[in-house]
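Q: Given chain A, work out where chain B should sit, using these hints.
Going down the list, the sequences are from chains A and B.
Anchor point for the first sequence: position 448 equals 448 in our numbering, and the numbering is continuous, going up by one each time.
To convert a position in the second sequence, counted from 1, into our numbering, add 649.
For the record, the hints were derived by calculation from the structure and aren't laboratory data.
Take every hint as true, because none was put in to throw you off.
Below are the EDC-like pairs computed for lysine to aspartate or glutamate, each with C-alpha atoms no more than 20 Å apart in a straight line: (1) K374(A) / E747(B); (2) K611(A) / E589(A); (3) K402(A) / E544(A); (4) K267(A) / E242(A); (5) K613(A) / D767(B); (6) K402(A) / D538(A); (7) K374(A) / E783(B); (8) K790(B) / E367(A); (9) K267(A) / E236(A); (10) K191(A) / E163(A); (11) K611(A) / D588(A); (12) K434(A) / D408(A); (13) K790(B) / D663(B); (14) K191(A) / D7(A); (15) K374(A) / E753(B); (16) K611(A) / D767(B); (17) K790(B) / E375(A); (18) K402(A) / D551(A); (19) K458(A) / D408(A); (20) K311(A) / E242(A); (21) K543(A) / D408(A); (22) K790(B) / E753(B); (23) K267(A) / D663(B); (24) K311(A) / D130(A).
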Amino acid sequence: MTDLTLDQPGSRVLLMGNEAIARGAIEAGVDFCSGYPGNPSSEIIECLAAASRGAGRSRHVEWSINEKVALEAAAAASFAGLRAVVTMKQNGLNVCADFLTTVNLTGSRGGLVLVVCDDPAALSSGNEQDSRQYARLAQLPLIEPATFQEAKEMTRMAFEFSERFGLLVIVRSVSRLSHGQGGVELGPIRKEQTIPHYDVSRPLLAAPPIQQNLHQRLLNTMEGVRQVWEGSPFNEYSGPVEAEDLVIASGLGWLCAQEAIRSLGLKGRVGLLKIGTPWPFPNGVVIPHLQRARRVLFVEEVDPFVEENVKILTAEQARGRDPIAFYGKRNGQVRGPFGPGVGELSTDIVVQALERMMGLSPSRRLEGFRQQVKETVHPLLIPRALSYCAGCPHRASFWVIKAALALDGQDGFVAGDIGCYGMAMGPTGFSQIKALHCMGSGYGNASGFASLRSLGFKQRVIAAAGDSTFFHAAIPALINAQVQGAELTCVVLDNGVTAMTGFQPHPGSTFNPWREEVEPIRVEALCSGLGLEVRVQDPFQVKEATVALYDLLQRPGVKVMIFRSPCVLYQRRQGPKAMVEQGRCIGDECGCARFCARVLGCPGNAWDGAKGKAYIDERFCDGCGLCIELCPTGAIVFSPAEGKKGHDG
Amino acid sequence: MMVEPGAERGLPADPFNLLITGVGGQGIVTASRLLAQVAWSDGYQVTVGETYGLSQRSGPVASHVRLSRHLQAPPQIPNGGAHTILGLEPLETIRVLEQFAQPESQVVLDPTPVFPIDVQSGTIPYPPVAQMLEAIQGLVKAVWVVQAQSLAQSHGLPQNLILVGALVGCGAFPAPPALLAEVIGQFFTGQHREAALRAYHLGLEQV
Numbered sequence: 001m002t003d004l005t006l007d008q009p010g011s012r013v014l015l016m017g018n019e020a021i022a023r024g025a026i027e028a029g030v031d032f033c034s035g036y037p038g039n040p041s042s043e044i045i046e047c048l049a050a051a052s053r054g055a056g057r058s059r060h061v062e063w064s065i066n067e068k069v070a071l072e073a074a075a076a077a078s079f080a081g082l083r084a085v086v087t088m089k090q091n092g093l094n095v096c097a098d099f100l101t102t103v104n105l106t107g108s109r110g111g112l113v114l115v116v117c118d119d120p121a122a123l124s125s126g127n128e129q130d131s132r133q134y135a136r137l138a139q140l141p142l143i144e145p146a147t148f149q150e151a152k153e154m155t156r157m158a159f160e161f162s163e164r165f166g167l168l169v170i171v172r173s174v175s176r177l178s179h180g181q182g183g184v185e186l187g188p189i190r191k192e193q194t195i196p197h198y199d200v201s202r203p204l205l206a207a208p209p210i211q212q213n214l215h216q217r218l219l220n221t222m223e224g225v226r227q228v229w230e231g232s233p234f235n236e237y238s239g240p241v242e243a244e245d246l247v248i249a250s251g252l253g254w255l256c257a258q259e260a261i262r263s264l265g266l267k268g269r270v271g272l273l274k275i276g277t278p279w280p281f282p283n284g285v286v287i288p289h290l291q292r293a294r295r296v297l298f299v300e301e302v303d304p305f306v307e308e309n310v311k312i313l314t315a316e317q318a319r320g321r322d323p324i325a326f327y328g329k330r331n332g333q334v335r336g337p338f339g340p341g342v343g344e345l346s347t348d349i350v351v352q353a354l355e356r357m358m359g360l361s362p363s364r365r366l367e368g369f370r371q372q373v374k375e376t377v378h379p380l381l382i383p384r385a386l387s388y389c390a391g392c393p394h395r396a397s398f399w400v401i402k403a404a405l406a407l408d409g410q411d412g413f414v415a416g417d418i419g420c421y422g423m424a425m426g427p428t429g430f431s432q433i434k435a436l437h438c439m440g441s442g443y444g445n446a447s448g449f450a451s452l453r454s455l456g457f458k459q460r461v462i463a464a465a466g467d468s469t470f471f472h473a474a475i476p477a478l479i480n481a482q483v484q485g486a487e488l489t490c491v492v493l494d495n496g497v498t499a500m501t502g503f504q505p506h507p508g509s510t511f512n513p514w515r516e517e518v519e520p521i522r523v524e525a526l527c528s529g530l531g532l533e534v535r536v537q538d539p540f541q542v543k544e545a546t547v548a549l550y551d552l553l554q555r556p557g558v559k560v561m562i563f564r565s566p567c568v569l570y571q572r573r574q575g576p577k578a579m580v581e582q583g584r585c586i587g588d589e590c591g592c593a594r595f596c597a598r599v600l601g602c603p604g605n606a607w608d609g610a611k612g613k614a615y616i617d618e619r620f621c622d623g624c625g626l627c628i629e630l631c632p633t634g635a636i637v638f639s640p641a642e643g644k645k646g647h648d649g
Numbered sequence: 650m651m652v653e654p655g656a657e658r659g660l661p662a663d664p665f666n667l668l669i670t671g672v673g674g675q676g677i678v679t680a681s682r683l684l685a686q687v688a689w690s691d692g693y694q695v696t697v698g699e700t701y702g703l704s705q706r707s708g709p710v711a712s713h714v715r716l717s718r719h720l721q722a723p724p725q726i727p728n729g730g731a732h733t734i735l736g737l738e739p740l741e742t743i744r745v746l747e748q749f750a751q752p753e754s755q756v757v758l759d760p761t762p763v764f765p766i767d768v769q770s771g772t773i774p775y776p777p778v779a780q781m782l783e784a785i786q787g788l789v790k791a792v793w794v795v796q797a798q799s800l801a802q803s804h805g806l807p808q809n810l811i812l813v814g815a816l817v818g819c820g821a822f823p824a825p826p827a828l829l830a831e832v833i834g835q836f837f838t839g840q841h842r843e844a845a846l847r848a849y850h851l852g853l854e855q856v
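Here chain A stands alone, though its shape is the one from the complex (with noise of 0.2 Å):
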């Protein structure tokens, strides 16, 4: 990782997004750190949490349990005079909703800072989704990076800001921005520190009757907001003066405009408008262009945000001025493979709609080629499907579920939720998971399903969470099925980290943000305060976990199955490798055609197809007993190791 915390200002590095926005806080001179893991978002406080021990500034960083928490927990930092930074995706977002609806009316006094990560083309999101609307719902500023380099600048500017105008603000960044890697310029790191404290003469209260001159005065502060973002350099025009054919850009697309525009030797032509900060809408900055415009290209992601605005914009000035043609996705000229508004910006999507507008013949250039590549590398593609790594304990987790609810008989299904383990809705977990939305909507689901029995509901369903999610979102839907009575088994996939994410540590961790051995909240302790049956559970011991899960289906009321075992990628494990004694493996005729590679789908069970044998896959295997327990001939064993100890499995 880089240092993020040197102290030469001018000095020119490499920066991974995320790293940038973390930089900008630390040079503002940011007090308290807080977030929830979420992909693209993660590092931004792991970089903060590694840049805050050590001699220099003392900082608080966190992990929060939710991003709703993180809000709240950063917010007063706020109220008390510090700077703060909160971080997530853009699901985190909605989860915080409440709270930033809220302090919105009731305003910051340290610069509070939210920094929202969204994932277009949901590369690892259950969702598209534009994150900026969220600033038109709330009213609050918000301000899009173009560059890893603004990606700094905005984040520490962002702090006097929110000093400046008495808000949060919010910096809006996209996947291709956080993970990417760009030139930055560092600045100097401010070294000033308060005291935190809360001015209770004056205090913060968003409740009745006095939101209506709240909310007066914060659409009056937006008003002011809106004059200082006209006249922000982040708003910047290049190309010809009064150009008629004029390309409006906001966020990483700006990039992707620039390169459309050179590539298709458009540059004397064509203009192009930067929007860097797109609410509140910055009015004054477009109009002069809408004077001249006569064609309108949108460059952004994800929803026709900026596009709508100039919208409106143009038919508030239409009167006395000749019409203009837009191009965009609400017309659909703007658009990827999968329609207008879905799927992720390219400069390929940028040079395909400047073609239509400028009326230029699309490049057909590599078409003979492309042409020949599919015939020739077609017949040869085979899908990549993922998997759980060798030694998952989900794959056994979801074993023991799918071997209970098959002698349970009652149709049973998992309503899951957000984490590796999810993959459980395909082969990999053997498909047992049939519902799955966002954060905790596994138990929220399950608790409703099981509320079902009285109306003639006869499917049985267990509710599966993570660790991390279990404290994120699931207690509340837990403590909601107890309260209405459900004959409900939830399922906790304790692994001990915040896997899919980075092994981040959370609540019932072992470790804290540096490492450090801590004593974790158990899960089990929570349940038990609950008055409810709990069980923890090592997965891998097969027979018994199956049996344990079995009898628990079949007892009233909210019971939990805590399936407690190590993500191996995390920890891996030091013991012997399985092998398969190829005399005893009988191949294709074991009764399941291959159980070992072909339904438990490990990495490290592979299949010999010349020999019509199994056999492991020393490069992958992890010892975990799984396949050894599960071969119906008993073909497969621990391999026997110099030094270490046997297994009796």
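A: Showing chain B alone in chain A's frame:
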């Protein structure tokens, strides 16, 4: 340093685009960061585009490394825009050709398969490597096949660094070999540094 800084030298194309592809866990992100740092030290503007996280669970991974003398390029290489493709795995190499290759592309690849889970299980066959190599050789200007995985195993060295050596050695990536060795020395520490340097030099010898 005897060689003039890169920003003075000019590039075969501007932006110059390198696409690195393979399977999660092969060290693609490390390789892309290393090459980006080399280009940066050499005086170029650099943009890197990466996708990671979910892909490490056996999925495909690709990194886009873009160099320019003057501009900050957007992170994704446009269609047909890959001047050089570094493939750590043959199936993942052919997978990117339709979208990113051009007839003038140079390809450096390791022909050693990493079986997808459905091949590992005997459900579908892995495409014959000879056919994949033939397809690539028939489509692009230049191909270097480097048995980096075998070398990695027999020497106990990292596969990705061997391929980085081959990439630089054959001239498909505009960086002076000496500069790369220098940056490797700064990038890694302890025994990792020693192994990385040996792997890099081994790779240089293969082309």
